[in-house]
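S.K.: Listed below, chain by chain, are the residues.
2 protein chains.
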Amino acid sequence: MENKIRIGIVGYGNLGKGVEESIQVNDDLELVAVFSRREPSSVNTLGANVKVESVTNVEQYKDKIDVMILCGGSATDLPEQGPELATIFNTIDSFDTHAKIPDYFAKMDEVTKKSGTVSIISVGWDPGMFSMNRLLGEAILPVGDTYTFWGKGLSQGHSDAVRRVEGVKFAVQYTIPIDEAVNRVRNGEHPDLATNEKHLRECYVVPEDGANTEKIEETIKTMPHYFADYHTTVHFITEDEFHANHTKMPHGGFVIRSGKTGEAHTQIMEFSLKLDSNPEYTASVLVAYARAAYKLNQSGDRGAKTVLDVPIGLLSAKSPATLRKELL
Amino acid sequence: MENKIRIGIVGYGNLGKGVEESIQVNDDLELVAVFSRREPSSVNTLGANVKVESVTNVEQYKDKIDVMILCGGSATDLPEQGPELATIFNTIDSFDTHAKIPDYFAKMDEVTKKSGTVSIISVGWDPGMFSMNRLLGEAILPVGDTYTFWGKGLSQGHSDAVRRVEGVKFAVQYTIPIDEAVNRVRNGEHPDLATNEKHLRECYVVPEDGANTEKIEETIKTMPHYFADYHTTVHFITEDEFHANHTKMPHGGFVIRSGKTGEAHTQIMEFSLKLDSNPEYTASVLVAYARAAYKLNQSGDRGAKTVLDVPIGLLSAKSPATLRKELL
Numbered sequence: 004m005e006n007k008i009r010i011g012i013v014g015y016g017n018l019g020k021g022v023e024e025s026i027q028v029n030d031d032l033e034l035v036a037v038f039s040r041r042e043p044s045s046v047n048t049l050g051a052n053v054k055v056e057s058v059t060n061v062e063q064y065k066d067k068i069d070v071m072i073l074c075g076g077s078a079t080d081l082p083e084q085g086p087e088l089a090t091i092f093n094t095i096d097s098f099d100t101h102a103k104i105p106d107y108f109a110k111m112d113e114v115t116k117k118s119g120t121v122s123i124i125s126v127g128w129d130p131g132m133f134s135m136n137r138l139l140g141e142a143i144l145p146v147g148d149t150y151t152f153w154g155k156g157l158s159q160g161h162s163d164a165v166r167r168v169e170g171v172k173f174a175v176q177y178t179i180p181i182d183e184a185v186n187r188v189r190n191g192e193h194p195d196l197a198t199n200e201k202h203l204r205e206c207y208v209v210p211e212d213g214a215n216t217e218k219i220e221e222t223i224k225t226m227p228h229y230f231a232d233y234h235t236t237v238h239f240i241t242e243d244e245f246h247a248n249h250t251k252m253p254h255g256g257f258v259i260r261s262g263k264t265g266e267a268h269t270q271i272m273e274f275s276l277k278l279d280s281n282p283e284y285t286a287s288v289l290v291a292y293a294r295a296a297y298k299l300n301q302s303g304d305r306g307a308k309t310v311l312d313v314p315i316g317l318l319s320a321k322s323p324a325t326l327r328k329e330l331l
Numbered sequence: 004m005e006n007k008i009r010i011g012i013v014g015y016g017n018l019g020k021g022v023e024e025s026i027q028v029n030d031d032l033e034l035v036a037v038f039s040r041r042e043p044s045s046v047n048t049l050g051a052n053v054k055v056e057s058v059t060n061v062e063q064y065k066d067k068i069d070v071m072i073l074c075g076g077s078a079t080d081l082p083e084q085g086p087e088l089a090t091i092f093n094t095i096d097s098f099d100t101h102a103k104i105p106d107y108f109a110k111m112d113e114v115t116k117k118s119g120t121v122s123i124i125s126v127g128w129d130p131g132m133f134s135m136n137r138l139l140g141e142a143i144l145p146v147g148d149t150y151t152f153w154g155k156g157l158s159q160g161h162s163d164a165v166r167r168v169e170g171v172k173f174a175v176q177y178t179i180p181i182d183e184a185v186n187r188v189r190n191g192e193h194p195d196l197a198t199n200e201k202h203l204r205e206c207y208v209v210p211e212d213g214a215n216t217e218k219i220e221e222t223i224k225t226m227p228h229y230f231a232d233y234h235t236t237v238h239f240i241t242e243d244e245f246h247a248n249h250t251k252m253p254h255g256g257f258v259i260r261s262g263k264t265g266e267a268h269t270q271i272m273e274f275s276l277k278l279d280s281n282p283e284y285t286a287s288v289l290v291a292y293a294r295a296a297y298k299l300n301q302s303g304d305r306g307a308k309t310v311l312d313v314p315i316g317l318l319s320a321k322s323p324a325t326l327r328k329e330l331l
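The listed protein sequences derive, respectively, from chains A and B. The numbers in the working numbering rise by one with no breaks, and the one at position 297 of the first sequence is 300. The numbers in the working numbering rise by one with no breaks, and the one at position 240 of the second sequence is 243.
Heads up, some of the hints might be wrong.
What the hints assert, rightly or not - Here's a subset of chain A near chain B, in silico, CB distances under 10 Å, partners left out:
{"hint": "1", "residue": "D30"}
{"hint": "2", "residue": "Q270"}
{"hint": "3", "residue": "K328"}
The hints are simulated quantities; they were obtained by calculation from the structure and are not laboratory data. The beta-carbon is built from N, C-alpha and C at its ideal position, and this holds for glycine as well.
The shape of chain A in the complex, shown without the other chains:
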């Protein structure tokens, strides 16, 4: 391909690495540079020939990068970097603080309308693919209920909470959908289910030498907000077992719309993900939307968008005619 879409990555943690890997399997895209707050020489990229730049030099790439993929966190990185970088580049991000999305969208929309760029925010799987499926469910089956289940998957926030308990050396927490609840929904029942009736919490803990495991378990299980309202199990394991079996970042879940049409016909739509690597999948979604942002901007569009605003045909490198022929 002659003219590849030129991509930059801002922030090089698990998500940024996933984006680098995803670009490698998309022939129409090329990675121009990784931008980091760290000293560039200290950043070890997966690929051997990847250029690493200090994020302070980002403006020099104004005409060299078509879409910047922002891989920072939603708490502090994106609210600052998003509006700044969107004045220079088309951007993609995975802003996922659900309650703050309207404000973030407004800010990004203001900036991009001025700069003539396109920013697709809150891309990934939730928000992202799951949001799309929640919308399809309620738009197609207005009479019905939508259920989102998460897991089985590693929850970063809950794992952090367990690690802060005294006497804990290493820990992970998995969120697990309760089979019985999933099956009731899949069978067309319409149960009222609180989050703790849909999910279990399972913790794998490596205690410090000589730590009081009974006290650790008690502290975890009674922790307000995080665990007290849930059915929680705590497994104590060795450090070897932890490193062998609990360092991946699996995740997934389901969005189920259970609706009725006509007199009494049950209609079930379900979208599910089973991911060995949550950050690599999220990165893959970001990369596909980078292609869409570029195409939208090339066609004269500007402003902030979400996955709900983007025709999904734009995610593909194939032409509309090829897509109609192959996929419809």
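With chain A's structure known, arrange chain B on it following the hints.
M.R.: Chain B in isolation, oriented as in the chain A frame:
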């Protein structure tokens, strides 16, 4: 709501009836009239106050209907009605002869570009929702395989074939995904599977009095194209059992994308439908896209589209800001 989107239905079989029912549960839409080739007084609509018109009078509704939903068949109705009606109205149809979609699209695009209308073609679940999920799968996970399974569901074409066998009074044929094949795909294997390795065919037959059931079974099982290449079972049942249990039109299926990211992480995306009524679900999809066609045309768009070209936010009656707040 003050200004409802005004809908017309052309063709009043199972699909047209489903559209009528779906409009009733969408407050922002109203049904203006049903158009039929039959004598209007002979058409019994589900609703008591529905206007029925001869399809020959359709032009008189040019300024009274915003979107016409075409509920005819793909073999002969739509190739003729589509281009004709698209010169007057925005249209939605479920054209599903996969091989002829490119030609039909070209024709509809030509007509609508001239008339200034929007036509969204091939709407439904396959083509439709399944096409969207095939696209999402390959765009997000370029390294991987896509599998489509259909069923458990009633296949109209295969049921017709069974009914043509001598000695058959009533019959239905269900296409059933083979569990073992589905599970291999869901578990991240990448098997090469022909259609007959993914699906079973199950027939329920009411024989005529005194018919030779052995011969019927033999004729069905050896029927070329339809059954000979498949594992087929034939059940003979009574007429009572047939009317009690086999007059619904259930269907469904799965689109599974099994991909790899990074070094060796398996990532599975799955979309599935479990439908008590195939025509009512398809109708519900058509109605949601009617709303989108209206909005696109209002914003100045024209031309033929497919589900791959339409931002899914347009399917909802809610504002973009509300959708961002509630669904992202």
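S.K.: Just pull the numbers of the violated hints for me, sorted ascending.
M.R.: Hints that this structure does not satisfy do not exist here, as all of them hold.
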